[in-house]
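Chemist: Below, each chain spelled out in residue letters.
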Amino acid sequence: MNIENVTISSNKEIAMNLWRMSMNAPKIAAAYMGPGQFINILPNNNWEHPIRRPMSIASVNGNNVEIIYKIFGDITDQLSRKNSGDTINILGPLGNVFTEWDNKDVEPILIGGGVGLAPILNVYESCRNPFMIIGAKTASEHFMKHDPKNNIYLTTDDGSLGIAGNVMKAMDEIVLHENSIIYACGPEPMLHVLQKHAANKNIRIQLSVESYMGCGVGLCQGCVIERQNGHVQEHSYHEKYSLVCLDGPVYKNSEVTFG
Amino acid sequence: MNIENVTISSNKEIAMNLWRMSMNAPKIAAAYMGPGQFINILPNNNWEHPIRRPMSIASVNGNNVEIIYKIFGDITDQLSRKNSGDTINILGPLGNVFTEWDNKDVEPILIGGGVGLAPILNVYESCRNPFMIIGAKTASEHFMKHDPKNNIYLTTDDGSLGIAGNVMKAMDEIVLHENSIIYACGPEPMLHVLQKHAANKNIRIQLSVESYMGCGVGLCQGCVIERQNGHVQEHSYHEKYSLVCLDGPVYKNSEVTFG
Amino acid sequence: MADLSVKISNTIFKNPIFVASGTFGYGTENPELVDVSKLGAIVTKSITLNPREGNPPPRIVETHSGMINSIGLANIGVEKYISDMLPVYENMDTPIIMNIAGSSMREYIDVMKKVEDVSSNIVGYEINISCPNVKEGGMEFGVDCDMTEKLTSELRKLTDRLLIMKLSPNVTDISAIAISSENGGADAVSAINTVVGMSINHSSQFSNIYTTFGGLSGPAIKPVGLACVHKVYHRVNIPIIGIGGIVNSDDVIEYFLAGSCSVQVGTANFRNPGITEIILHDLNNYLNEKHIDSISSLIGRVKTHG
Amino acid sequence: MADLSVKISNTIFKNPIFVASGTFGYGTENPELVDVSKLGAIVTKSITLNPREGNPPPRIVETHSGMINSIGLANIGVEKYISDMLPVYENMDTPIIMNIAGSSMREYIDVMKKVEDVSSNIVGYEINISCPNVKEGGMEFGVDCDMTEKLTSELRKLTDRLLIMKLSPNVTDISAIAISSENGGADAVSAINTVVGMSINHSSQFSNIYTTFGGLSGPAIKPVGLACVHKVYHRVNIPIIGIGGIVNSDDVIEYFLAGSCSVQVGTANFRNPGITEIILHDLNNYLNEKHIDSISSLIGRVKTHG
Ligand SMILES: Cc1cc2nc3c(=O)[nH]c(=O)nc-3n(C[C@H](O)[C@H](O)[C@H](O)COP(=O)(O)OP(=O)(O)OC[C@H]3O[C@@H](n4cnc5c(N)ncnc54)[C@H](O)[C@@H]3O)c2cc1C
Ligand SMILES: Cc1cc2nc3c(=O)[nH]c(=O)nc-3n(C[C@H](O)[C@H](O)[C@H](O)COP(=O)(O)OP(=O)(O)OC[C@H]3O[C@@H](n4cnc5c(N)ncnc54)[C@H](O)[C@@H]3O)c2cc1C
Ligand SMILES: Cc1cc2nc3c(=O)[nH]c(=O)nc-3n(C[C@H](O)[C@H](O)[C@H](O)COP(=O)(O)O)c2cc1C
Ligand SMILES: Cc1cc2nc3c(=O)[nH]c(=O)nc-3n(C[C@H](O)[C@H](O)[C@H](O)COP(=O)(O)O)c2cc1C
Ligand code: FES
Ligand code: FES
Numbered sequence: 001m002n003i004e005n006v007t008i009s010s011n012k013e014i015a016m017n018l019w020r021m022s023m024n025a026p027k028i029a030a031a032y033m034g035p036g037q038f039i040n041i042l043p044n045n046n047w048e049h050p051i052r053r054p055m056s057i058a059s060v061n062g063n064n065v066e067i068i069y070k071i072f073g074d075i076t077d078q079l080s081r082k083n084s085g086d087t088i089n090i091l092g093p094l095g096n097v098f099t100e101w102d103n104k105d106v107e108p109i110l111i112g113g114g115v116g117l118a119p120i121l122n123v124y125e126s127c128r129n130p131f132m133i134i135g136a137k138t139a140s141e142h143f144m145k146h147d148p149k150n151n152i153y154l155t156t157d158d159g160s161l162g163i164a165g166n167v168m169k170a171m172d173e174i175v176l177h178e179n180s181i182i183y184a185c186g187p188e189p190m191l192h193v194l195q196k197h198a199a200n201k202n203i204r205i206q207l208s209v210e211s212y213m214g215c216g217v218g219l220c221q222g223c224v225i226e227r228q229n230g231h232v233q234e235h236s237y238h239e240k241y242s243l244v245c246l247d248g249p250v251y252k253n254s255e256v257t258f259g
Numbered sequence: 001m002n003i004e005n006v007t008i009s010s011n012k013e014i015a016m017n018l019w020r021m022s023m024n025a026p027k028i029a030a031a032y033m034g035p036g037q038f039i040n041i042l043p044n045n046n047w048e049h050p051i052r053r054p055m056s057i058a059s060v061n062g063n064n065v066e067i068i069y070k071i072f073g074d075i076t077d078q079l080s081r082k083n084s085g086d087t088i089n090i091l092g093p094l095g096n097v098f099t100e101w102d103n104k105d106v107e108p109i110l111i112g113g114g115v116g117l118a119p120i121l122n123v124y125e126s127c128r129n130p131f132m133i134i135g136a137k138t139a140s141e142h143f144m145k146h147d148p149k150n151n152i153y154l155t156t157d158d159g160s161l162g163i164a165g166n167v168m169k170a171m172d173e174i175v176l177h178e179n180s181i182i183y184a185c186g187p188e189p190m191l192h193v194l195q196k197h198a199a200n201k202n203i204r205i206q207l208s209v210e211s212y213m214g215c216g217v218g219l220c221q222g223c224v225i226e227r228q229n230g231h232v233q234e235h236s237y238h239e240k241y242s243l244v245c246l247d248g249p250v251y252k253n254s255e256v257t258f259g
Numbered sequence: 001m002a003d004l005s006v007k008i009s010n011t012i013f014k015n016p017i018f019v020a021s022g023t024f025g026y027g028t029e030n031p032e033l034v035d036v037s038k039l040g041a042i043v044t045k046s047i048t049l050n051p052r053e054g055n056p057p058p059r060i061v062e063t064h065s066g067m068i069n070s071i072g073l074a075n076i077g078v079e080k081y082i083s084d085m086l087p088v089y090e091n092m093d094t095p096i097i098m099n100i101a102g103s104s105m106r107e108y109i110d111v112m113k114k115v116e117d118v119s120s121n122i123v124g125y126e127i128n129i130s131c132p133n134v135k136e137g138g139m140e141f142g143v144d145c146d147m148t149e150k151l152t153s154e155l156r157k158l159t160d161r162l163l164i165m166k167l168s169p170n171v172t173d174i175s176a177i178a179i180s181s182e183n184g185g186a187d188a189v190s191a192i193n194t195v196v197g198m199s200i201n202h203s204s205q206f207s208n209i210y211t212t213f214g215g216l217s218g219p220a221i222k223p224v225g226l227a228c229v230h231k232v233y234h235r236v237n238i239p240i241i242g243i244g245g246i247v248n249s250d251d252v253i254e255y256f257l258a259g260s261c262s263v264q265v266g267t268a269n270f271r272n273p274g275i276t277e278i279i280l281h282d283l284n285n286y287l288n289e290k291h292i293d294s295i296s297s298l299i300g301r302v303k304t305h306g
Numbered sequence: 001m002a003d004l005s006v007k008i009s010n011t012i013f014k015n016p017i018f019v020a021s022g023t024f025g026y027g028t029e030n031p032e033l034v035d036v037s038k039l040g041a042i043v044t045k046s047i048t049l050n051p052r053e054g055n056p057p058p059r060i061v062e063t064h065s066g067m068i069n070s071i072g073l074a075n076i077g078v079e080k081y082i083s084d085m086l087p088v089y090e091n092m093d094t095p096i097i098m099n100i101a102g103s104s105m106r107e108y109i110d111v112m113k114k115v116e117d118v119s120s121n122i123v124g125y126e127i128n129i130s131c132p133n134v135k136e137g138g139m140e141f142g143v144d145c146d147m148t149e150k151l152t153s154e155l156r157k158l159t160d161r162l163l164i165m166k167l168s169p170n171v172t173d174i175s176a177i178a179i180s181s182e183n184g185g186a187d188a189v190s191a192i193n194t195v196v197g198m199s200i201n202h203s204s205q206f207s208n209i210y211t212t213f214g215g216l217s218g219p220a221i222k223p224v225g226l227a228c229v230h231k232v233y234h235r236v237n238i239p240i241i242g243i244g245g246i247v248n249s250d251d252v253i254e255y256f257l258a259g260s261c262s263v264q265v266g267t268a269n270f271r272n273p274g275i276t277e278i279i280l281h282d283l284n285n286y287l288n289e290k291h292i293d294s295i296s297s298l299i300g301r302v303k304t305h306g
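Protein sequences, first through last, are from chains A, B, C and D.
Okay, so the first sequence: first residue is 1 according to the numbering used here, each after it adds one.
Okay, so the second sequence: first residue is 1 according to the numbering used here, each after it adds one.
Okay, so the third sequence: first residue is 1 according to the numbering used here, each after it adds one.
Okay, so the fourth sequence: first residue is 1 according to the numbering used here, each after it adds one.
Next comes chain A alone, as it looks inside the complex (with noise of 0.2 Å):
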């Protein structure tokens, strides 16, 4: 784990308010674990926003790290910002990794939604030809292309791309195995419903969660994300709430609750 000033090599949109963002950072790369991991960002020294923003690594490349990141408020806005040759200072990598990916028997069904795409596509870069079914509300949202042939599904809620409804439509166009492992990361709601279909389908799923984070490295105990473990006592530590940035941000089938 390293706080390295790091400088942008590039910093491009990539669809409508997506943009993906290159940076030399040699101490994180060296660290880093594989696809699941974090980085925690602070784009600027003033302190009008406290809190560094978690933001997923895309790829890990030589000294190259990269994020894929939406436009949502202040700190998103500042980095689309920046031009190549500036610096921004990074805390990582952090938090654990999506498994067995890497493994030959295991079929990886990549799924990702929104901005969960990031480490979805990381662990697509090292796969290979992997089921990978990306979603979003309209067609400019999406940089890549629908190309089933290479097992490749986009989803638009308004059908201006691809399949037309959210990503649970093309599950329908995938058949799941017992070695099927889904790798999921995108907002709530979709994980939620895609943890129920894997334990109603009976096979593994990996969830990469999102919380809302004051440190990202175990401090401020703010990112708590609940247990789905039957076993909490009333007087415990630990059992009922798991910190995402530390025991996270990848969890395993019903590992947790969500809503």
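Derived from the structure by calculation, the hints contain no laboratory data.
We put the beta carbon where it would ideally sit given N, CA and C, even for glycine.
Careful, some of the hints might be misleading.
[Claimed, not checked] Straight-line distance between alpha carbons at most 20 Å, and here's what the computed SDA-like set of lysine to any residue pairs gives:
(1) B/K82 with A/E178
(2) C/K231 with D/T172
(3) B/K137 with B/S126
(4) A/K240 with D/T172
(5) D/K290 with C/D146
(6) A/K196 with A/Y212
(7) B/K201 with B/F258
[Unchecked claim] Looking from chain C toward chain B, a few residues come up when the C-beta cut is under 7 Å (computed):
(8) E29
(9) E32
(10) E62
(11) P87
(12) P219
[As the list claims (entries may be wrong)] From chain C, some residues computed to sit far from chain B (all C-beta separations above 10 Å):
(13) I12
(14) G77
(15) L86
(16) N91
(17) T94
(18) M105
(19) V118
(20) D187
Guided by the hints, dock chains B, C and D with the ligands onto chain A, whose structure is given.
Modeler: Using the frame of chain A, we list chains B, C and D with the ligands on its own:
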């Protein structure tokens, strides 16, 4: 008085930490009434710094309004990072003006200390060959030539350029007449000394003063300076204190009290 | 078009965007920068019995996302308010709420009596019992339930106009003071006045404020204002006017959800005297886009967990 | 080299930069990011009698120059603190101050007794009577002079280690609580804990914090912390540990000038767990450049006007 989003036409460092910025501000240029007036600057949309920053107008040419500023803290630092083409929001023109310098009988003596030089240069450019004294700590803070033949005197505290000492040292070189009027802007101690000097020599003086401003337009009552008249009633309003943003920033002779 | 009108007691305001006392002068200062006829109401600078020069400088300083002030209730005094301002207000469409401050029960009463004795179109009074910067700011009332109730009921006897008590956040239990105001007969409470703060120049080692302590305002205190409004909301039946760190229409919505029936914009006016017009415009769009028919339907509607 | 050491009662700390309770875990979390041996002291997360899971999410949200938290005193409980942490602290050079919270006098006493019964090298206790987020946070003590004095004196009987009462800013008169702490036998007070705040998502209309109200911290509250410290400074003779919005060495100087004899850094650790090392480095340079021999010479030395 207008609020205007203006485009920066140039922004250059003219001496150590001293910058000159030009902006295209047609409405404010049109309403401009003369040297002494200032604008109130908002360089960004975030609320880390809720309050604008006042800056004297250094010149107006056509639609072009210029300021000269020194990097003190966050906002002046942010200003220095702006490029031509960027926009900022300004409010102005504000405050009153230096008077009588354009009267043929008057012999203006212009004195600027530190960042107080902006309004002084503004008068200078409208006068024919007046005396001008510019004080600074050291040579690197100056951007003009010490040129006594042309009535331009530079001083430095450390003697590294022009006359060694403060602006009062340069005053020795100038013969005062009853038609002389001193126009001064700079740090409070300098204004204080000059005010006393003018009173002793029985000549007129106009001082542009600074105060901490919350609004620049008479709403906050924050920017007061004490008046020097002895007629203050116990229960009065606005007799003891004057609002620098509305009544000033230019005060005559012994109108106001320092320290 | 969403309905922006709000009702306090029997008075209907065309919209809920008021300007806060002490941040908009007497309402007539900057006609070039703001069209005051668009405002829901103007709350004028605190008026005392005698004119006041206010505190020596430095009176204000910026802090992180906020500012501290210690103006010291500089004002023209009630006589001049009556002679110079009331006639001007006769010709204005904007409802005027007169803010009154005092150092004793007597002073509040005397000021209000003088105004009640003349004819005017002001719609109500906001009673400042919460100015942290001067002895005369009423803070001894604002921290004491009994004195608040007594003051409120004495003033209630004097006027049929709106009577609004302005509450301080610098107390252990703001609800208790709100309840006392309600018991005393107030039509509404407004919250919050500034939070006690201090600022030091580390280099000169001087206090940045002449009176050492001053009042913190601006976006920094928005969470404090929201908390105070929401606490009071559950404890009184009279309307609450929300104040503290409001700079845009989202903030207004949040204050409504917390329990406000209208809001006052303070420090933001210093940045842009016309900011209330922008807020109003954005608020209208917001409600239309979200198909919210009436802003009043949002009052207190924050969704809590668990 | 400026002398950075500070003294609280009979204990000398090598420097005045402490980390605040609840913002640095148990002090052992991030060895890669911060060398804790450089710290003046570590104040550990509030410990209660039983372990606590804490409040449901959402627990934190950012605000203008600040954040609100409602962690709900999630902690490992005193037994585990004794079995797992105390042995670790034996091998650390950094002084450990244990922060204790409770919902009753009994609970505070039981926790302290258990720790006093075993041998350890912790240097003192900070008593949290000011957590705004849970019933068990001690706030009923922190707002009441008599209860504060009683609790302090009961705990005083149990220990010869440093006894520090941590004060809440959410009271009408913080000095009164400080005086009660002094009367009860506290060695020092620390101020401030968080300011009660609230945050709402205007779009979802949900409270951004599960418990609706939470504690505001960060640069936004620095003026409040400075004011509290300076008020208390004039009323008690015991040292004050300054807390609230400290992010750099200038802030430390300001807190000293206001009356602090040391400081705690809280929220800033979340941005950079190693920020205290930077602050310490800059503080040293600052003092050297200004030829200030000893940081303690600044305590309470703010220059006021008039
Ligand atoms: C583990 C993790 C990985 C993430 N990866 C990505 C990614 O790859 N690409 C991407 O675009 N976004 C990602 N996010 C979300 C990203 O952190 C938010 O979009 C970002 O914080 C928005 O900041 P803002 O200032 O632009 O918006 P704001 O206006 O501050 O906030 C908009 C929303 O962003 C979320 N948010 C704000 N601050 C935080 C915080 N400190 N921690 C968590 N959420 C916050 C909140 O839901 C908030 O309502 C990730 C979040 C987590 C927890
Ligand atoms: C009428 C007037 C004219 C001015 N003209 C010029 C000029 O031509 N060139 C120039 O460089 N500077 C000028 N100043 C000073 C200028 O306003 C400050 O340098 C600037 O505000 C510093 O802002 P900052 O954020 O960089 O520094 P900060 O770190 O915010 O402050 C540094 C110092 O600047 C002063 N300052 C900060 N905010 C304000 C404020 N709202 N009002 C007044 N002073 C403030 C304070 O003394 C403060 O200690 C003028 C000030 C006034 C009142
Ligand atoms: C410079 C200044 C002067 C103020 N004067 C008064 C006043 O005279 N009477 C009063 O009741 N409140 C006064 N206030 C408090 C405001 O009306 C308001 O309650 C407070 O500033 C919080 O709102 P804000 O955060 O939007 O500024 C003043 C505030 C400021 C900043
Ligand atoms: C996430 C979080 C958790 C905290 N937990 C505790 C706690 O357990 N006990 C306590 O006494 N104070 C706790 N505090 C308060 C801090 O110790 C400190 O008093 C407060 O945050 C103000 O300092 P700051 O502005 O530097 O953060 C907590 C603060 C935060 C932000
Ligand atoms: S984000 Fe702070 S503990 Fe996880
Ligand atoms: S700066 Fe606000 S009244 Fe002058």
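Chemist: Would you mind marking each hint as holding or not holding in the structure?
Modeler: Consistency of the hints with the structure:
1. B/K82 with A/E178: The hint is violated at about 59 Å.
2. C/K231 with D/T172: holds (16 Å)
3. B/K137 with B/S126: violated (27 Å)
4. A/K240 with D/T172: violated (37 Å)
5. D/K290 with C/D146: Not OK: D/K290 and C/D146 at ~51 Å, beyond 20 Å, violated.
6. A/K196 with A/Y212: violated (24 Å)
7. B/K201 with B/F258: holds (19 Å)
8. E29: holds (5 Å)
9. E32: holds (5 Å)
10. E62: holds (5 Å)
11. P87: violated (18 Å)
12. P219: holds (5 Å)
13. I12: holds (27 Å)
14. G77: Non-interface label fails for C/G77: nearest chain B Cβ at 7 Å, not farther than 10 Å.
15. L86: holds (17 Å)
16. N91: holds (21 Å)
17. T94: Nearest chain B Cβ is 16 Å from C/T94, so the label holds.
18. M105: holds (20 Å)
19. V118: holds (20 Å)
20. D187: holds (27 Å)
Of the numbered hints listed earlier, those contradicted by the structure are 1, 3, 4, 5, 6, 11, 14.
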